[in-house]
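Here is how the chains run, residue by residue.
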Amino acid sequence: MVQRTTEIVVGFFMIAGLAALLFLALQVSGLSPKSAAATYTVYANFNDVGGLTPRGKVSMAGVTVGSIESISLDKNTFQAKVTMAIRSDVDTIPADSAAVIRTSGLLGEQYIDISIGGDMESLGEGDTFYSTQSAMNLERLISNFASGR
Amino acid sequence: MMDYVAGFGRRSLEVVGSLGRATQFLFGVLVGVPKPATGFPLLIKQLYSVGVLSLAIVVVSGLFIGMVLALQGYTILSDYGSEAAIGQMIALTLVRELGPVVTALLFAGRAGSALTAEIGLMKATEQLSSMEMMGVDPLRRVIAPRLWAGFIAMPILAMIFSVVGIWGGMLVGVDWLGVFEGSFWGNMQSSVDFVDDVLNGVIKSVVFGFVCAWIAVYQGYDCVPTSAGISSATTKTVVYSSLAVLGLDFVLTAVMFGDF
Amino acid sequence: MESSAYISLKDVVFSRSGRRIFDGITLDIPKGKITAIMGPSGTGKTTLLRVIGGQLKPDSGQVIVAGQEVPKLKRKALYRLREKMGMLFQSGALFTDISVFENVAFPLRVHTSLPEDMIRDIVLMKLEAVGLRGARDLMPSELSGGMTRRVALARSIALDPELIMYDEPFAGQDPIAMGVLVKLIRDLNSSMGLTSVLVSHDVPESLSICHYACIIADGKVIGTGTPDELRNHPSELVQQFLSGQPDGPVPFHYPASNPVDDFDIKGASI
Numbered sequence: 000m001v002q003r004t005t006e007i008v009v010g011f012f013m014i015a016g017l018a019a020l021l022f023l024a025l026q027v028s029g030l031s032p033k034s035a036a037a038t039y040t041v042y043a044n045f046n047d048v049g050g051l052t053p054r055g056k057v058s059m060a061g062v063t064v065g066s067i068e069s070i071s072l073d074k075n076t077f078q079a080k081v082t083m084a085i086r087s088d089v090d091t092i093p094a095d096s097a098a099v100i101r102t103s104g105l106l107g108e109q110y111i112d113i114s115i116g117g118d119m120e121s122l123g124e125g126d127t128f129y130s131t132q133s134a135m136n137l138e139r140l141i142s143n144f145a146s147g148r
Numbered sequence: 012m013m014d015y016v017a018g019f020g021r022r023s024l025e026v027v028g029s030l031g032r033a034t035q036f037l038f039g040v041l042v043g044v045p046k047p048a049t050g051f052p053l054l055i056k057q058l059y060s061v062g063v064l065s066l067a068i069v070v071v072s073g074l075f076i077g078m079v080l081a082l083q084g085y086t087i088l089s090d091y092g093s094e095a096a097i098g099q100m101i102a103l104t105l106v107r108e109l110g111p112v113v114t115a116l117l118f119a120g121r122a123g124s125a126l127t128a129e130i131g132l133m134k135a136t137e138q139l140s141s142m143e144m145m146g147v148d149p150l151r152r153v154i155a156p157r158l159w160a161g162f163i164a165m166p167i168l169a170m171i172f173s174v175v176g177i178w179g180g181m182l183v184g185v186d187w188l189g190v191f192e193g194s195f196w197g198n199m200q201s202s203v204d205f206v207d208d209v210l211n212g213v214i215k216s217v218v219f220g221f222v223c224a225w226i227a228v229y230q231g232y233d234c235v236p237t238s239a240g241i242s243s244a245t246t247k248t249v250v251y252s253s254l255a256v257l258g259l260d261f262v263l264t265a266v267m268f269g270d271f
Numbered sequence: 042m043e044s045s046a047y048i049s050l051k052d053v054v055f056s057r058s059g060r061r062i063f064d065g066i067t068l069d070i071p072k073g074k075i076t077a078i079m080g081p082s083g084t085g086k087t088t089l090l091r092v093i094g095g096q097l098k099p100d101s102g103q104v105i106v107a108g109q110e111v112p113k114l115k116r117k118a119l120y121r122l123r124e125k126m127g128m129l130f131q132s133g134a135l136f137t138d139i140s141v142f143e144n145v146a147f148p149l150r151v152h153t154s155l156p157e158d159m160i161r162d163i164v165l166m167k168l169e170a171v172g173l174r175g176a177r178d179l180m181p182s183e184l185s186g187g188m189t190r191r192v193a194l195a196r197s198i199a200l201d202p203e204l205i206m207y208d209e210p211f212a213g214q215d216p217i218a219m220g221v222l223v224k225l226i227r228d229l230n231s232s233m234g235l236t237s238v239l240v241s242h243d244v245p246e247s248l249s250i251c252h253y254a255c256i257i258a259d260g261k262v263i264g265t266g267t268p269d270e271l272r273n274h275p276s277e278l279v280q281q282f283l284s285g286q287p288d289g290p291v292p293f294h295y296p297a298s299n300p301v302d303d304f305d306i307k308g309a310s311i
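Residue numbers (the working numbering), protein chains in the order written: chain A, 0 to 148; chain B, 12 to 271; chain C, 42 to 311.
Because the hints were derived from the structure by calculation, they are not lab data. Hints are not guaranteed to be accurate.
Have a look at the derived ranges for each label pair, beta carbon to beta carbon [said to hold, decoys possible]: (1) Q286/C - L41/B: 53 to 59 Å; (2) A107/C - V26/B: 37 to 43 Å; (3) W178/B - M119/A: 50 to 56 Å; (4) A17/B - R61/C: 21 to 27 Å; (5) V217/B - R61/C: 44 to 50 Å; (6) T67/C - A17/B: 36 to 42 Å; (7) G285/C - S243/B: 37 to 43 Å; (8) W187/B - D126/A: 56 to 62 Å; (9) R61/C - G269/B: 53 to 59 Å; (10) T76/A - W187/B: 51 to 57 Å; (11) D305/C - V26/B: 27 to 33 Å; (12) E68/A - G269/B: 21 to 27 Å; (13) R61/C - F11/A: 36 to 42 Å.
Far from chain B by the CB rule (all over 10 Å, computed), these chain A residues [unchecked claim]: (14) Q2; (15) T5; (16) L51; (17) K74; (18) D95; (19) T127.
Even glycine gets a Cβ: it sits at the ideal position worked out from N, Cα and C.
Could you build the full structure based on these sequences and the hints that come with them?
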């Protein structure tokens, strides 16, 4: 019966749609099933966060270990306060490590890279990074270069 | 001069009246959801004619658009030495904008005009009237399945469009222009967010599907039942749907991707 | 009329786009008989059928069908009433995407939950009644005009209605097809005990089969009665209509100015 064939074809159509959705989810946007892992919160204060945005990457030695939760302005110190969520299994970050803002590629987006220190103690929930390095400001760099500094 | 103003006023009132009728019509269709036993086969039949039969044009267009994006994007990005970003450029353009919008325009042209013509012809040959006289509500039996089919098929078509486009872009970018495959996908994955980009694109296509299906079905139902009337209704479907899609796209993009 | 009226219209007024189509129509349609509604073209005969069927609401007046006031019915009740009505449209109005069999089966499938083999039997019986049982698998596009109407007739009797309305059934038919339709209308009426309402401007055919007729002109009923009563009706308008006179109360010339103005003939007489 024609109805039967139609049903099967429409079924394939819906499956194709679902497959497209899965493809878009996994291959195109890199959604990984283990993104609901446990995390702990740490803070860092910067003079200039540049183009850092929430959900940006936090990495250590090039490996993604967490993401940026939020960025806010501290009205007393006039610094930017960045809240980060680090994966719970990465719990041996030395307490004197530095949070550095780097750019991936020339036009790429900015992310936080953790530069390892040497302390025996590790950062825990609610700790703040002791040293930070702000985003590289292209204009300042050029003016420094031009004025021969 | 006064005649001109009066004519303009009258035509504006006609437009407003038409919108009112269209809304009443929509309400009648949505409220009269068909019984699952009879309605489901009708829905399947419509999904076939509206969705499956539009696949050909969607896939071919998606492929070509993806390939063109790769070509054009490569020339521009290579000026900045950023060819590796081509993956994310193609993916974001398709998933956020071109996928939903172009698919909606193609849908309006192919499926929308077919729906309008079909319903208009049923009206002109008094099939809708005779259905009413037999105690069958044509809104439930004829119109509702078509509206729901458009509503469901559009997001699926838009996603298939994006996927085919990305694949076409990959063919051109990686296989032809020599962009490194790893960075093609890697950059794409790090810059395309599932919720913000993919899902927003899907939401857009659902909205577009609804609007295009509504306009197509209403124009058919409301047309003057002559051959000239049907032809004018079909044209109106394509024009109104296209304008509505482009206008809504602006609004949705501003809301979803702007920082307001 | 001995039998009670199945349909009763009292002072029905209906206008559309500024024109008064019905200006106080009062008529009764008796049960179980064939009633013809006739009149010059454009008097709104088809509109009358739509008002009876509830597709259009009158501006004022009562429309009573089978004891129910049609304009006041809610949607569900109206649809249920329509199950008792059959309507034959001028063009047949068959569903072009399904076969003849499926067309006739449509009302059965929608309104009943009869098993498939019962539906098959009923459909074939109805098609047999109109003489088209052998055409059951054809598509509407393959039928001639007369055959289309017969299939539409089979469809409208599928649910064994109490009332059938025919909208210009004789229009444009060749003599044989006309004869077939006349026979069918008469036979169906007597065998099924239907109330039949026939809208037509074909005077000879209509008068030959109806039991009772009404003539409508200028939005009013100008004459009612049995065919014999109408043939002896005093009204000039009725006589002009029945005998087909080109000139009379309905004038030949559309109102125009004096011929002298248009034809510029000085001093001559036309």
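Right, here's what the structure says about each hint:
no. : hint                        : result
1   : Q286/C - L41/B: 53 to 59 Å  : holds, 55 Å
2   : A107/C - V26/B: 37 to 43 Å  : holds, 42 Å
3   : W178/B - M119/A: 50 to 56 Å : holds, 52 Å
4   : A17/B - R61/C: 21 to 27 Å   : holds, 26 Å
5   : V217/B - R61/C: 44 to 50 Å  : holds, 48 Å
6   : T67/C - A17/B: 36 to 42 Å   : holds, 40 Å
7   : G285/C - S243/B: 37 to 43 Å : holds, 39 Å
8   : W187/B - D126/A: 56 to 62 Å : violated, 51 Å
9   : R61/C - G269/B: 53 to 59 Å  : holds, 57 Å
10  : T76/A - W187/B: 51 to 57 Å  : holds, 53 Å
11  : D305/C - V26/B: 27 to 33 Å  : violated, 48 Å
12  : E68/A - G269/B: 21 to 27 Å  : holds, 22 Å
13  : R61/C - F11/A: 36 to 42 Å   : violated, 58 Å
14  : Q2                          : violated, 6 Å
15  : T5                          : violated, 5 Å
16  : L51                         : holds, 15 Å
17  : K74                         : holds, 22 Å
18  : D95                         : holds, 29 Å
19  : T127                        : holds, 27 Å
Of the numbered hints stated above, those contradicted by the structure are hints 8, 11, 13, 14, 15, listed in ascending order.
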